[in-house]
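Novice: Modelling step: build the complete structure from the supplied sequences, incorporating the hints.
From first to last, the protein sequence lines are chains A, B, C and D.
Mapping of the first sequence onto numbering that gives the first Met the number 0: residues 0 to 356, in sequence order.
Mapping of the second sequence onto numbering that gives the first Met the number 0: residues 0 to 356, in sequence order.
Mapping of the third sequence onto numbering that gives the first Met the number 0: residues 0 to 356, in sequence order.
Mapping of the fourth sequence onto numbering that gives the first Met the number 0: residues 0 to 356, in sequence order.
Since the hints were derived computationally from the structure, they do not count as laboratory data.
Take the hints with a grain of salt, since some may be wrong.
Claimed, not checked - List of simulated lysine to aspartate or glutamate pairs, EDC-like, C-alpha gap at most 20 Å:
1. B:LYS202 to B:GLU138
2. B:LYS70 to C:GLU34
3. B:LYS202 to C:ASP6
4. D:LYS215 to C:ASP60
5. A:LYS70 to D:ASP315
6. B:LYS215 to C:GLU138
7. B:LYS70 to C:ASP60
8. A:LYS70 to D:ASP6
9. D:LYS215 to A:ASP60
10. D:LYS70 to C:GLU138
11. C:LYS215 to B:ASP60
12. B:LYS70 to A:GLU138
13. D:LYS215 to A:ASP6
14. A:LYS70 to D:ASP60
4 protein chains.
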Amino acid sequence: MIVNMSDNATEQQIEHIIQRVLEAGFQPHVTRGTERTIVAAVGSGGRRHEIEALSVAPGVDNVVAIAQPFKLVSRQTRPEPSVVNVDGVKIGGPEVVVIAGPCSVESREQMLETALGVKRAGATMLRGGAYKPRTSPYEFQGLGIEALRILGEVRDLTGLPVVTEVMSTEDVDLICEYADMLQVGARNMQNFALLRRLATVNKPILLKRGPSATVKEWLLAAEYLLSGGNHQVALCERGIKTFETATRNTMDLAAIALAKELSHLPIVADPSHGTGKPSLIGMVSRGAVAVGADALIIEVHRCPERALSDGAQSLDIPQFERVMQGLHLPLRPVMSFATGIADDQHQGGSVLGDRSL
Amino acid sequence: MIVNMSDNATEQQIEHIIQRVLEAGFQPHVTRGTERTIVAAVGSGGRRHEIEALSVAPGVDNVVAIAQPFKLVSRQTRPEPSVVNVDGVKIGGPEVVVIAGPCSVESREQMLETALGVKRAGATMLRGGAYKPRTSPYEFQGLGIEALRILGEVRDLTGLPVVTEVMSTEDVDLICEYADMLQVGARNMQNFALLRRLATVNKPILLKRGPSATVKEWLLAAEYLLSGGNHQVALCERGIKTFETATRNTMDLAAIALAKELSHLPIVADPSHGTGKPSLIGMVSRGAVAVGADALIIEVHRCPERALSDGAQSLDIPQFERVMQGLHLPLRPVMSFATGIADDQHQGGSVLGDRSL
Amino acid sequence: MIVNMSDNATEQQIEHIIQRVLEAGFQPHVTRGTERTIVAAVGSGGRRHEIEALSVAPGVDNVVAIAQPFKLVSRQTRPEPSVVNVDGVKIGGPEVVVIAGPCSVESREQMLETALGVKRAGATMLRGGAYKPRTSPYEFQGLGIEALRILGEVRDLTGLPVVTEVMSTEDVDLICEYADMLQVGARNMQNFALLRRLATVNKPILLKRGPSATVKEWLLAAEYLLSGGNHQVALCERGIKTFETATRNTMDLAAIALAKELSHLPIVADPSHGTGKPSLIGMVSRGAVAVGADALIIEVHRCPERALSDGAQSLDIPQFERVMQGLHLPLRPVMSFATGIADDQHQGGSVLGDRSL
Amino acid sequence: MIVNMSDNATEQQIEHIIQRVLEAGFQPHVTRGTERTIVAAVGSGGRRHEIEALSVAPGVDNVVAIAQPFKLVSRQTRPEPSVVNVDGVKIGGPEVVVIAGPCSVESREQMLETALGVKRAGATMLRGGAYKPRTSPYEFQGLGIEALRILGEVRDLTGLPVVTEVMSTEDVDLICEYADMLQVGARNMQNFALLRRLATVNKPILLKRGPSATVKEWLLAAEYLLSGGNHQVALCERGIKTFETATRNTMDLAAIALAKELSHLPIVADPSHGTGKPSLIGMVSRGAVAVGADALIIEVHRCPERALSDGAQSLDIPQFERVMQGLHLPLRPVMSFATGIADDQHQGGSVLGDRSL
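Specialist: Below you can see the structure in the form of structure tokens.
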């Protein structure tokens with residue numbers, strides 16, 4: 000970490016900072032410029048927060064952190080990618096996994112019909128909410144344990160492993176009985192009590208990125224899980240909040256590429272919440288796979304306009320089938336030079352164009 | 000709610016929507032324009048989500064909600080302002096309340112010294128964290144129950160009622176034994192399990208706005224508390240996440256004026272988290288009071304550069320005293336016309352300037 | 000457009016709105032609900048701003064616009080996609096066009112070497128700045144006319160059509176002499192004087208999305224060009240400003256899919272400005288093509304660490320070659336069911352899994 | 000500036016950076032940590048962009064700038080506040096200036112009636128648009144030169160100096176004939192061609208902050224004016240774009256306090272664009288003055304619902320009068336301890352509460 004002194008810092012103030020860097024367990028290295036002085040806190044064993052707090056010390060302009068604060072999730076700790084195995088379905092392997100299903104479990108018939116439909120179309124995992132985080136207390140809050148039983152039964156009938164959201168530490172044990180993977184919702188990404196509890200569970204976790212979480216904060220939330228003992232973690236990008244209102248959220252596809260660069264954890268993309276618009280889900284799914292997503296999670300309902308939640312962003316089964324087909328189309332070819340300019344200009348194979356003559 | 004049909008919607012598609020509006024418990028009113036048709040869903044007893052989901056029905060362009068979704072927190076339900084009484088300190092009354100104290104409880108001495116200092120400067124409530132939500136698992140996580148005991152003791156010694164954060168449903172009972180007011184942190188604003196639990200508690204709640212929560216979402220989070228039975232709720236604006244990095248968050252002071260227009264609940268402003276910069280806290284505190292905040296909550300540490308958390312944004316006690324003094328300064332006077340332009344031009348008292356001659 | 004009356008609007012206030020809707024040239028259609036009344040302004044010939052301004056009339060809650068405000072750029076006006084022909088290179092055709100080159104033109108040698116390098120790697124158009132919009136007046140501002148001459152010469156030598164930025168109406172004529180396509184930079188997207196001038200030019204325009212422009216505002220900026228007579232317009236997504244600082248901007252790839260749904264104009268993606276990180280450009284380029292981008296524009300410098308501008312986000316030529324190779328890789332295959340679960344479970348071809356037995 | 004080497008940087012890579020720092024005109028100071036090495040570029044005469052570009056050099060993790068990039072606008076250059084004198088009205092002096100008037104000049108009668116009304120209520124400057132930046136080409140674009148003539152006449156009749164927006168370098172001379180102060184609109188804040196032209200004009204400039212401009216970018220835009228020779232510059236905060244849609248923009252009042260800390264330039268606040276809601280303008284005006292704004296600019300129309308632009312956010316004259324009265328109300332008093340807790344507990348004057356007994 001680096002402490003930047005202000006232009007008019009006194010020798011005494013610089014001395015004080017050097018002293019405090021030592022007290023915090025680091026080695027101070029001082030660089031005196033023509034205009035200002037910087038004090039670097041060198042070493043790995045010191046207490047970072049003590050250096051951060053020096054930003055309020057007299058004569059200090061600001062403090063800059065350099066090293067990334069996450070450890071176990073980092074590629075530097077583990078260069079090879081992690082694979083999360085959800086009852087045989089491998090997220091992070093050579094193939095893209097598609098998880099599909101309704102926002103909420105509404106009935107046994109609805110779940111079974113949807114599960115069979117998405118399985119037929121190529122999905123290999125099932126999603127469905129039992130406990131629903133809803134913005135308003137007057138909205139449908141999920142069927143709770145009844146939904147868990149339905150999920151368990153449909154999983155057994157179809158062979159599709161099930162992921163469902165856990166909203167509270169109190170529900171963890173019960174959900175573990177029925178689900179194959181536990182989802183931490185976007186609004187709970189920094190519910191640290193929940194993260195600490197899930198760190199002790201023997202089930203894989205799907206950790207959604209919070210709507211205003213930076214990639215760094217997201218990886219640090221995952222660090223809570225790994226440092227607590229649970230290494231079966233998949234990250235999920237589901238869009239962030241920005242000024243743009245034409246889509247429900249702004250899908251941050253570059254963050255998928257970035258998170259894969261920084262971390263070995265596999266990444267799931269959620270184009271349903273990321274866009275909120277059924278007509279965009281197919282193209283954005285393709286985009287997510289192209290930037291490196293290991294899996295997709297897509298909301299599918301047998302009849303979206305009758306869904307008890309998120310109907311406005313759900314696909315029906317034929318639409319989902321078309322999205323799956325779209326995933327098999329190639330990228331568009333790149334224009335070769337000969338296509339753009341008349342062919343005979345390029346007979347000579349010269350990279351210099353003919354107009355140079 | 001209003002269902003906007005697309006330009007080329009067929010009669011059959013319009014008929015389908017009319018039918019679905021009836022099924023959802025509303026009265027359909029159809030307006031046929033030269034280019035497009037709209038179907039209004041009229042009435043208050045229907046199921047809103049069924050109309051929302053019609054956005055995916057064939058021939059529908061989009062669905063627009065009109066009425067505000069919150070009820071008990073609304074000014075329409077209760078026109079007069081609510082006052083939250085925290086052991087005698089009234090938030091929402093004629094006077095501005097100042098809550099001050101350290102980010103984290105670190106020791107009995109630190110808390111007592113800080114409490115006495117802020118009380119002397121004019122604070123009438125004390126803040127201090129026992130359970131800390133930290134971005135990284137490697138940061139100081141709070142002293143827990145030991146901190147609660149210290150808070151209780153310092154409260155008894157100084158007479159200052161205490162507010163502290165609750166992060167988990169499992170800690171609620173314990174914290175209620177020691178604290179006078181429970182804080183829901185920004186990252187837990189939509190931790191609905193926690194909100195539902197706090198709705199049943201006989202303590203006032205300080206509900207922080209989430210870093211990416213709209214005012215509407217914030218009021219709906221409060222609605223969880225009121226609809227569950229707890230009407231002692233104060234809202235807290237603490238800044239939102241935007242592209243600006245010069246301040247830790249962007250303090251949304253207009254949201255204070257807006258929330259007071261929409262709701263009867265009192266509002267607390269948190270300039271420490273809102274700006275993250277000690278040098279701005281005094282002016283932003285003044286701004287918050289000027290736009291209508293009922294209280295301020297300010298981080299104060301006896302020695303910020305040695306704080307275990309949030310040292311970089313904490314005031315020391317002399318700085319806090321100056322902030323308190325700044326709250327007693329008047330607004331700057333407004334330039335009268337005679338000040339700007341030479342006096343003799345305005346002898347006649349005419350509102351027309353002399354240059355018109 | 001729809002005028003929503005407030006709950007306690009009087010008959011007289013409703014009458015006033017009906018009268019004003021008529022005056023504005025629309026037909027009023029009134030829907031009276033149990034709680035509130037709405038007045039729809041029907042028709043296409045009226046003055047929209049007069050209805051918008053009714054939001055401040057007594058008894059009005061708010062005004063909602065329904066129809067999209069853009070016309071000539073809309074898919075409804077022209078369902079088939081537009082193709083922009085830049086001297087033989089077709090943006091919007093079946094193949095993806097790659098535009099590459101340095102941020103700024105620095106010298107003849109630099110441009111020629113870079114142009115030959117990117118052409119060899121597969122680029123079919125050249126970029127290079129002559130007039131540079133720089134945040135600080137103390138940064139390199141571009142070589143101006145000297146750069147234009149270099150661009151013209153390198154275009155003639157290599158046969159690559161050239162795009163360069165125009166910052167001022169006063170430079171338009173000069174730039175038209177040398178460039179094949181004129182770029183409107185992100186910060187000038189709503190420089191309406193410039194847009195009106197470019198609407199009269201017989202050159203294709205590359206219109207970058209502003210860093211805080213919604214898709215709607217972006218399309219309306221293009222509408223300035225089309226409505227003024229220039230239909231040769233390609234849109235360019237280059238990232239928007241959000242709270243995320245790990246990337247220079249947040250590349251809004253879903254906006255590409257959305258803009259193509261709403262408009263017939265072709266779209267170019269700029270992963271260099273969108274991410275600001277060379278290591279992400281390859282993957283984000285793939286993502287852009289997968290969501291439907293018609294072209295890519297990528298900053299390439301023969302020696303990025305010596306570039307006079309944007310060196311930190313430029314690729315060198317070997318890196319650019321690898322990005323081009325990445326565009327020819329297929330999407331990852333989707334996991335088939337048999338891959339995830341042991342094969343023998345699926346012999347019968349039943350969609351019900353074996354665990355149901 | 001500081002170059003942070005990555006963990007596995009080789010000696011040769013570090014050597015290369017040292018060499019490049021020297022070439023760029025700085026002194027290299029190397030700090031070798033246990034895990035990583037940093038190279039500081041010390042001195043003030045070097046070429047910053049060459050150091051920035053080293054972020055792509057092999058073995059480099061990132062580059063961090065430390066010193067602020069603006070000079071002439073900085074408080075360090077000029078500690079005392081600047082006062083901008085607009086024909087006798089002093090922005091930045093001891094009193095708050097109020098500028099008021101319609102969004103657009105619509106007619107002589109409208110301007111004169113509005114000017115007399117706002118003057119009577121206490122405004123000392125007049126605003127009114129002649130050239131209007133409108134999102135859509137189909138909206139009212141302003142009366143142009145006719146509006147300028149009206150502004151000039153109304154200024155002469157009322158004695159109120161006039162500010163109006165300039166959108167293009169081509170209009171600068173004409174507008175200078177009629178207006179007392181020239182406004183650069185938010186969307187043109189980084190129209191550098193316009194800024195360079197206005198730097199040569201002998202009129203004060205009102206420089207609006209762009210909707211996604213950081214405070215640093217805003218100050219650098221002002222630096223274009225000062226470094227070009229025009230030191231008569233007032234900054235204007237008018238709200239930034241965020242995810243919140245309940246207000247038109249998010250008024251960043253803390254940025255006013257921050258800009259005044261960093262710069263000597265006076266600051267104007269625009270609560271009309273900042274909130275877009277007439278009901279909030281009074282409270283937000285008070286907030287702006289309380290955080291240090293030197294002036295307010297407020298949209299007032301004699302009949303907002305008939306305005307040709309921005310009617311939805313304009314005040315009528317009686318509403319403006321009430322806003323002006325609100326600026327004379329004091330801040331709310333701060334609760335003293337004796338108010339919160341029963342008086343008899345505090346007879347002894349001890350800062351320790353009675354419960355300690």
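Novice: State for each hint whether it applies.
Specialist: Hint-by-hint comparison with the structure:
1. For the suggested pair LYS202 of chain B and GLU138 of chain B, the alpha carbons sit about 29 Å apart, so the restraint of at most 20 Å is broken.
2. Annotation: proposed proximity of LYS70 of chain B to GLU34 of chain C holds, straight-line Cα distance about 14 Å (limit 20 Å).
3. Restraint check: the Cα-Cα separation between LYS202 of chain B and ASP6 of chain C comes to about 34 Å, which exceeds 20 Å; the hinted pair is violated.
4. Between LYS215 of chain D and ASP60 of chain C the CA atoms are separated by roughly 38 Å; this puts the pair beyond 20 Å, and the hint is violated.
5. Between LYS70 of chain A and ASP315 of chain D the CA atoms are separated by roughly 59 Å; this puts the pair beyond 20 Å, and the hint is violated.
6. Distance restraint check for LYS215 of chain B and GLU138 of chain C: the Cα-Cα separation of roughly 43 Å exceeds the 20 Å cut-off, and the hinted pair is therefore not satisfied.
7. Our distance criterion of 20 Å between C-alpha atoms is met by LYS70 of chain B and ASP60 of chain C, whose separation comes to about 17 Å.
8. Restraint check for LYS70 of chain A and ASP6 of chain D: the C-alpha separation of about 14 Å stays at or below 20 Å, so the hint holds.
9. For the hint pairing LYS215 of chain D with ASP60 of chain A, the CA-to-CA distance comes to about 16 Å; that is within 20 Å, so the pair holds.
10. Distance restraint check for LYS70 of chain D and GLU138 of chain C: the Cα-Cα separation of roughly 13 Å lies within the 20 Å cut-off, and the hinted pair is therefore satisfied.
11. Note on LYS215 of chain C and ASP60 of chain B: the hinted pairing holds, with a Cα-Cα distance of about 16 Å set against a maximum of 20 Å.
12. With a C-alpha separation of about 13 Å, the suggested pairing of LYS70 of chain B with GLU138 of chain A holds against the 20 Å cut-off.
13. With a CA separation close to 18 Å, the supplied pair LYS215 of chain D and ASP6 of chain A stays within the 20 Å bound.
14. Between LYS70 of chain A and ASP60 of chain D the alpha-carbon distance is near 17 Å, which keeps this suggested pair within the 20 Å criterion.
Hints 1, 3, 4, 5 and 6, counting from the list given before, are not met by this structure.
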